[in-house]
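Undergrad: Please take these sequences and the hints and turn them into a complete structure.
In order, the protein sequences belong to chains A and B. Here the first sequence stands for residues 1 to 175, numbered as in the numbering used here. Here the second sequence stands for residues 1001 to 1100, numbered as in the numbering used here.
If you are wondering where the hints come from, they were derived from the structure by calculation, not from laboratory data. A couple of the hints might just be wrong.
Simulated pairs of lysine-lysine, DSSO-like, Cα-Cα distance not exceeding 30 Å [as the list claims (entries may be wrong)]: (1) 1094(B) x 84(A); (2) 26(A) x 1025(B); (3) 1082(B) x 84(A); (4) 1025(B) x 92(A); (5) 1082(B) x 1094(B); (6) 1025(B) x 84(A); (7) 26(A) x 1094(B).
Looking from chain B toward chain A, a few residues come up when the C-beta cut is under 7 Å (computed) [said to hold, decoys possible]: (8) 1003; (9) 1011; (10) 1015; (11) 1020; (12) 1041; (13) 1056; (14) 1064; (15) 1081; (16) 1090.
Please read these numbers as outputs of a predicted model, since none were measured by experiment. The beta-carbon is built from N, C-alpha and C at its ideal position, and this holds for glycine as well.
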Amino acid sequence: MPIENIIFYAFLGLTGLSALFILLSKNILYSAFALIATFIGMAGIFVLLGAEFVAITQILVYVGGILILMVFGIMLTNRLSQAKVETEVYNKFFGILISVGLFYILAKAIEMADFANMGWMKNAPSSPSSVRDLGMKIMTDYVLVFEVIGILLLLALIGAVRIAGNTREEGADAA
Amino acid sequence: MPLNTILLLGAALFCVGLAVVVTRKNAIAVLIGIELMLNAANLNLVAFSRFDAVEFQGQIFALFVITVAAAEAAVALAIVIKVYQHFQTANLDKINELKG
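TA: And the structure:
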């Protein structure tokens, strides 16, 4: 077995096991930490798939940004005197039933579609992608979408600060 | 790296995310499930992008999904924090003031 495959299956196992841990753990903080492991495993798989830039973005945005936000959210929405930050679980039977059923349907569909033997898959160019080409593509063909998504992110972050922060009247009272 | 294995992992991650969203009562745990589902979609996009090495459409779309997920997480956590300040709970079943 080549070394690349061993690394791939290691990342695959890390991703799958930590996702299962999220499902089984009742503690939200442990779930958030397991989510970090899931994202790191997926970043490793992205690198092996030839998408280095997506992998770095994944680590920067998810592990560095969203997970910190999640942990802050957990901190701010639980009384700190409480020993454990546990969530209640309900709909256990139907939730598991629906997701197992959906997984069965998806797995069946993936098996029946048989992507690996399709013509355009076999004839696909196997040239390794590079970050330089991706950057050229973003800055030429997709530049409008790139700018729009930047404005969307800016608006969302300003809106989030406006929602979560004190309103102006309260701020005037506090001052 | 067989393509089917990656697609199956994506399907499994999506289903785990769905189960987390359906079974958890805490709003932040639900958000964690949504992030898992978005990532499962990203995995499929990047996996198919490997067969499209010239155009990069899958990778670029995955980048946009990550950006929108970041915006979604920021706004959702802001709303959860405000809801907690108002109702003193993040339990989705207890926030039912509009319930008839």
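Undergrad: Each hint needs a verdict: does it hold in this structure or not?
TA: Okay, the hints, checked on the actual structure:
Simply put, residue 1094(B) and residue 84(A) have alpha-carbon atoms about 19 Å apart, close enough for the 30 Å limit, and the pair holds. Between residue 26(A) and residue 1025(B), the direct Cα distance comes to roughly 10 Å. Compliance with the 30 Å bound is thereby established for this hinted pair. Restraint check for residue 1082(B) and residue 84(A): the C-alpha separation of about 22 Å stays at or below 30 Å, so the hint holds. Between the alpha carbons of residue 1025(B) and residue 92(A) the distance comes to roughly 11 Å, so the proposed pair stays at or under 30 Å and holds.
The straight-line distance between the Cα atoms of residue 1082(B) and residue 1094(B) is roughly 15 Å, inside the 30 Å bound, and the hint therefore holds. Between residue 1025(B) and residue 84(A) the CA atoms are separated by roughly 15 Å; this keeps the pair inside 30 Å, and the hint holds. Proposed proximity of residue 26(A) and residue 1094(B) is supported: the alpha carbons are some 18 Å apart, at most 30 Å. Because the beta carbon of residue 1003(B) sits about 5 Å from the nearest beta carbon in chain A, less than 7 Å, this interface hint is met.
The beta carbon of residue 1011(B) comes within 4 Å of a beta carbon in chain A, closer than 7 Å, and the hint placing it at the interface holds. The closest approach between the C-beta of residue 1015(B) and any C-beta of chain A is roughly 4 Å, which is under the 7 Å cut-off, so the hint is satisfied. The interface hint given for residue 1020(B) holds, since its Cβ lies 6 Å from the closest Cβ of chain A, which is under the 7 Å cut-off. At a threshold of 7 Å, the smallest CB-CB gap from residue 1041(B) to chain A is about 11 Å, leaving the interface hint violated.
A cut of 7 Å between beta carbons decides the hint on residue 1056(B): the least distance to chain A is about 5 Å, and the hint holds. Annotation: residue 1064(B) was flagged as interfacial toward chain A, and the flag holds, the nearest CB pair being 5 Å apart, inside 7 Å. Contact between residue 1081(B) and chain A, as hinted, is supported at the beta carbon level, the nearest pair being about 5 Å apart and thus within 7 Å. A least Cβ separation of about 4 Å between residue 1090(B) and chain A falls short of the 7 Å threshold, and the interface hint therefore holds.
Consistency with the previously given hints fails for number 12 only.
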